[in-house]
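Protein chains in written order, with this note's numbering: chain B, -9 to 232; chain Y, 128 to 343.
Incorrect hints may appear among the rest.
[Unchecked claim] Between beta-carbon pairs, the in silico distance windows are:
1) Y:Thr338 / B:Pro166: 50 to 56 angstroms
2) Y:Arg286 / B:Pro154: 30 to 36 angstroms
3) B:Thr78 / Y:Ile176: 52 to 58 angstroms
4) B:Ala132 / Y:Cys180: 22 to 28 angstroms
5) Y:Asp206 / B:Ser113: 20 to 26 angstroms
6) B:Gly79 / Y:Cys180: 50 to 56 angstroms
7) B:Asn108 / Y:Ile270: 40 to 46 angstroms
8) B:Arg162 / Y:Val174: 15 to 21 angstroms
9) Y:Ile270 / B:Gly167: 38 to 44 angstroms
10) Y:Asp206 / B:Gly133: 35 to 41 angstroms
11) Y:Asp284 / B:Ala152: 36 to 42 angstroms
12) Y:Arg249 / B:Asp181: 34 to 40 angstroms
[What the hints assert, rightly or not] Covered by chain Y, per the in silico footprint, the following chain B stretches (three or more residues, Cβ under 8 angstroms):
13) 56 to 68
14) 98 to 106
15) 120 to 126
None of these hints come from the bench; they were simulated from the model. Owing to the predicted nature of the structure, the values given are computational and were not obtained by experimental measurement. By construction, the Cβ of each residue, glycine as well, lies at the ideal position given by its N, Cα and C atoms.
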Amino acid sequence: MNDYQKQPRGETIMATIKRRAPRMVALATLALLSGMTLLAERVEAQSVGGVAFGSWVNALGQAAQSPVASLPDTGGYALGEAETFGVTGAVSARWLTAVATGAVDKTSSAQSISEVENVSVLSGLIRADNVTAVASSYQNAAGAASDADGSGFVNLVVNGIAVPTDVAPNTRVDLPGVGYAVLNEQKRTGDGVTSTGITVNMIHVVLQTVTGGTCTLLGCLPGVTTTTGEIIVGSAWSSVGS
Amino acid sequence: MKARPTIKLGPRALAAATVFAVAAVWGCSDKPQGPVASELESPDFHVVIGPACFRMTGGGRIDEREGAVATPPSKSTPDSRDFATFGFQARPLNCNTTAGSGNITWVEHNPANAGGFTFHGRVTEFFAVENHFFGQPGQTDPICGGFSGTGRARTRDGRTFESLSFRVDHACDQGEPGRNDHIGISISGEGASYSRAGLLTGGNLQKHRLTGRGAQ
Chain B
-9 MNDYQKQPRG ETIMATIKRR APRMVALATL ALLSGMTLLA ERVEAQSVGG VAFGSWVNAL
51 GQAAQSPVAS LPDTGGYALG EAETFGVTGA VSARWLTAVA TGAVDKTSSA QSISEVENVS
111 VLSGLIRADN VTAVASSYQN AAGAASDADG SGFVNLVVNG IAVPTDVAPN TRVDLPGVGY
171 AVLNEQKRTG DGVTSTGITV NMIHVVLQTV TGGTCTLLGC LPGVTTTTGE IIVGSAWSSV
231 GS
Chain Y
128 MKARPTIKLG PRALAAATVF AVAAVWGCSD KPQGPVASEL ESPDFHVVIG PACFRMTGGG
188 RIDEREGAVA TPPSKSTPDS RDFATFGFQA RPLNCNTTAG SGNITWVEHN PANAGGFTFH
248 GRVTEFFAVE NHFFGQPGQT DPICGGFSGT GRARTRDGRT FESLSFRVDH ACDQGEPGRN
308 DHIGISISGE GASYSRAGLL TGGNLQKHRL TGRGAQ
């Protein structure tokens, strides 16, 4: 879990799988003796996870995060919302809503949704009327999977240029003099059998500075790129695991 | 992105003379402020059959309104606010009653609805619903969940509605992932009314075994 997802409550605690080895040995023995086929015992998920928030800023000497919805690892419903959120020079937004739901069962599932409206990042360098992040995960007898279907932007503008189409996952956009942004950032975890998870960050800005670097008659030495801050808008994470 | 399977409508839906999306009407007057108002489905598409012995969680997004759509729906275009997102958990108190508990948050983005709004509801009833909309000949219609209660809404134009009633007349888990799941909600009170239904374009609805006190 990343720094911006850690909360005092709701941290996912991954329980161990209950191995019924002695019972299986006895059953296998009976099966061999009787000539019956032993059906493998299905492992059910032991926990779910979900965190959603509207915005997180660690930049320009400031650190702040909009209200977070953090799902207990046994499932349930969590809500976080704020009518406004702003960090001077970094982010301004309105109508931030974060919801996380899920349950542990034969089919365990977790869904996290983040909604943010009237978004402006770095004084309008990135703007959008709406930013929606959806992270959905499930695990059942057939396996485990996650997806970010439903995530998207309304009227996204980057560096003064409107983006008229859906943004492909993990689209990197350079921001000259500032750093870069990853739009519709998606990171997946899990083995796809007993565990799965996905993090969706719709706008992930990495602020960078370049220091040093010099040119002489003998050639040029590159400068050193240093990350100086991060801004995230529209984040949703969900996971199901054993 | 994986291709989505074609969804076949049940015979009742196909037999309907016309199927339109339900209007989204929100405001202090009776004058519609959105698309043309027509019945979405005939009243017997989702039939309450009594108490349910399961609980549900769900969260996601709906875009195209539930209607005579023979293929899975698509997300609205990147310049459109005509979609809604939601998250809920809901359950009956036990298998023998429709008294229930839970919470729902519903966010409507269409500007025609008072600029958009956020609704928070508390569940007081949960029941089983027989879904005829996507039922297939020769097959048993799926059993969905439904729930109702009260809540409050905050509109983007600055109004707050404190005493509203809501009803999710169907929340249908059609398997994993949730692309074929569908949900419908209506909200009313204080001179306002709203309804919307659709197939999920993201997220998932999930039926779970009833656990805890009251489970059988």
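Problem - 8 angstroms C-beta test of the region 120 to 126 of chain B against chain Y, three or more residues - result: Holds: 4 residues of the region 120 to 126 of chain B have a Cβ under 8 angstroms from chain Y.
Practice task
Could you check the hint for me, namely that Asn108 (chain B) and Ile270 (chain Y) are 40 to 46 angstroms apart, CB to CB?
Solution key: holds, 41 angstroms
Problem - Verdict on chain Y covering the region 56 to 68 of chain B, where coverage means 3 or more residues with a C-beta closer than 8 angstroms - result: With 3 residues close enough to chain Y, the hint holds.
Practice task
Go ahead and decide if the range 20 to 26 angstroms is satisfied by the Cβ distance of Asp206 (chain Y) to Ser113 (chain B).
Solution key: This hint holds: roughly 23 angstroms between Cβ atoms.
Problem - Satisfaction of the hinted span 38 to 44 angstroms by the C-beta atoms belonging to Ile270 (chain Y) and Gly167 (chain B) - result: violated, 58 angstroms
Practice task
Starting from the hint 22 to 28 angstroms, judge whether the C-beta atoms of Ala132 (chain B) and Cys180 (chain Y) obey it.
Solution key: With Cβ atoms ~24 angstroms apart, the hint holds.
Handout entry: Cβ contact check, 8 angstroms cutoff: the region 98 to 106 of chain B against chain Y, three residues minimum
Key = That given contact holds, which follows from 5 residues of the region 98 to 106 of chain B lying within Cβ reach (below 8 angstroms) of chain Y.
Handout entry: Range hint 35 to 41 angstroms (beta carbons of Asp206 (chain Y) and Gly133 (chain B)) holds or violated
Key = Hint holds: Cβ distance 37 angstroms, inside 35 to 41 angstroms.
Handout entry: Range hint 34 to 40 angstroms (beta carbons of Arg249 (chain Y) and Asp181 (chain B)) holds or violated
Key = holds, 38 angstroms
Problem - Cβ separation of Gly79 (chain B) and Cys180 (chain Y), checked against the hinted range 50 to 56 angstroms - result: holds, 55 angstroms
Practice task
Using the beta carbons of Thr78 (chain B) and Ile176 (chain Y), state whether their distance is inside 52 to 58 angstroms or not.
Solution key: Once the Cβ atoms are compared, 56 angstroms apart, the range 52 to 58 angstroms for Ile176 (chain Y) and Thr78 (chain B) holds.
Practice task
May I ask you to test the hint 50 to 56 angstroms on the CB atoms belonging to Thr338 (chain Y) and Pro166 (chain B)?
Solution key: holds, 55 angstroms
Going through the hint list in order, the structure does not satisfy hints 8, 9, 11.
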